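Between the sequences and the hints, there should be enough to build the whole structure, so can you do that?
Number of protein chains: 2
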Amino acid sequence: MPNLDICFSPDLLSLYDLRGRIAVVVDILRATSSIVTALAQGVTHLVPVETLAECRALAADNYLTAAERDGVQAEGVDLGNSPFGYLDGVVPVQGRCVAITTTNGTRAMHLSRAADEVVVGAFLNLGAVADFLRQQGKDVVVVCAGWKGHFCLEDTLFGGALAARLAQDFDITSSDATLAALDLWEKASPNVAAYLLKSAHVRRLNRLEAHKDMEFCVHQDEYNLVPVWRNGEIVKL
Amino acid sequence: MPNLDICFSPDLLSLYDLRGRIAVVVDILRATSSIVTALAQGVTHLVPVETLAECRALAADNYLTAAERDGVQAEGVDLGNSPFGYLDGVVPVQGRCVAITTTNGTRAMHLSRAADEVVVGAFLNLGAVADFLRQQGKDVVVVCAGWKGHFCLEDTLFGGALAARLAQDFDITSSDATLAALDLWEKASPNVAAYLLKSAHVRRLNRLEAHKDMEFCVHQDEYNLVPVWRNGEIVKL
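As they're listed, the protein sequences go chains A and B.
Residues 1 to 237 in this note's numbering are what the first sequence lists, from first letter to last.
Residues 1 to 237 in this note's numbering are what the second sequence lists, from first letter to last.
The hints are simulated quantities; they were obtained by calculation from the structure and are not laboratory data.
Owing to the predicted nature of the structure, the values given are computational and were not obtained by experimental measurement.
One should not assume that every hint holds.
Ranges between beta-carbon positions, derived for each pair [to be verified]:
(1) B:191 - A:53: 53 to 59 Å
(2) B:186 - A:135: 54 to 60 Å
(3) B:14 - A:69: 20 to 26 Å
(4) A:148 - B:116: 19 to 25 Å
(5) B:70 - A:232: 36 to 42 Å
(6) A:94 - B:70: 55 to 61 Å
(7) B:76 - A:17: 28 to 34 Å
(8) A:215 - B:14: 40 to 46 Å
In the DSS-like style, the derived pairs of lysine-lysine whose C-alpha atoms are separated by at most 27 Å in a straight line are [what the hints assert, rightly or not]:
(9) B:187 - B:198
(10) B:138 - A:148
(11) B:198 - A:138
Each residue gets a CB set at the ideal place from its N, CA and C atoms; glycine is no exception.
Written out as structure tokens, the structure is:
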């Protein structure tokens, strides 16, 4: 039976051998939630880049640019890090490609590149990711983007929710991180948005827009798609 | 109000500025539980060293030697890592000093040395540590020794238990790590030993001796003493 482990911070990834495994990168607030939403709204592919300069440079190649630093949309780019940027119609996204950089999510993806496959996970596509992992049957490491290297609740809850969905098909008991995430998910799952109101990151983004985003980002199974990062591009499988 | 944060792995310590703060190093199974027990049984001081060679070298200076690697007593030393080594009378410890090296605990202490004070915490001296921290009134970081850098349940539960004891006097809500530890502690506290039977580390040490150790190590407030690491020696305050 394949194993499901959870890495609570990109800064702990050196402890994991990702070769032969699938990495599920998660940054619920809000990078991976936005990527899933973007692909659902007809974006053709996204290129995650580490710096604002790289992001802006891709505008010349007809990319839309999406960038956030410390939770706020960066200057001189088309989109921030809110999934509603792909939903509200202000910037038409259908058929476009997007260059994206975020505080934590992009870094987590780049540090996961040794994996056989890098999958983008969010509550919005939880069931689709679970189905994909079941079909593949390989060991899985959920890579929590965290907040500047620190443990964060929302990404951990995703790990717990994914482990709960895969309980019949994966070994979810051999790592303490997975056991802890399952217990936290059990506590939070009756009302994830209410639970997350206490989290440091949600309080950091304590604005109306952020709460609206958070409530959207904890919806499960809104989109039936699996984004993978291949040859530098995030595409829908 | 001072802040209480929890660092889930020594490998994440670079994210924390320990200057001006108190570090509470915890390795429930079993280094810090054994250190507290040793001082309670009349050991004058302990010297934590990183290598077996350093540990054995101190035998020439009339130190008792205590060493464990991967959960098993190392060869050619007086004591392993079980607190019962200081209780069973096989090796007389009263009035002796001890050189100690363990897989995770020693490393966590050495990486915490930037702190104003390095305190040794365990369930066995939980109340004494809480009282000391309340008197000091400084910011606190609980440093979980973990298992070879990985998150582990038992050290996290100690962090949650300490946060619960200090809820009136410290800010225990501004880090997600502390919030998670509190929720896990709430779940585990009715029967900590039963809860830990599922943990990876306890199953790794799945032997009669280890279970006996584990049940002892989760006793709260067995000893009213606070070990601190000063000038290379762990002494009773």
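Hints versus structure:
Range check, residue 191 of chain B to residue 53 of chain A: Cβ separation about 55 Å, and the 53 to 59 Å hint holds. Checked against the hint of 54 to 60 Å, the C-beta distance between residue 186 of chain B and residue 135 of chain A comes to roughly 37 Å, which is inconsistent with it. Between residue 14 of chain B and residue 69 of chain A the beta carbons are some 21 Å apart, a value that agrees with the proposed interval 20 to 26 Å. Restraint check, residue 148 of chain A to residue 116 of chain B: a C-beta distance of roughly 24 Å satisfies the suggested window 19 to 25 Å.
The beta-carbon spacing between residue 70 of chain B and residue 232 of chain A, approximately 41 Å, falls within the hinted interval of 36 to 42 Å. In this structure the hint that residue 94 of chain A and residue 70 of chain B lie 55 to 61 Å apart at CB holds, the actual value being about 56 Å. With their beta carbons about 33 Å apart, residue 76 of chain B and residue 17 of chain A fall inside the hinted range of 28 to 34 Å. For residue 215 of chain A paired with residue 14 of chain B, a C-beta distance near 34 Å fails the hint of 40 to 46 Å.
A hinted pair counts as satisfied when its Cα atoms are at most 27 Å apart, and residue 187 of chain B with residue 198 of chain B qualifies at roughly 13 Å. Between residue 138 of chain B and residue 148 of chain A, the direct Cα distance comes to roughly 24 Å. Compliance with the 27 Å bound is thereby established for this hinted pair. In summary, the hint linking residue 198 of chain B to residue 138 of chain A is supported, as the alpha carbons are separated by about 24 Å, within the 27 Å threshold.
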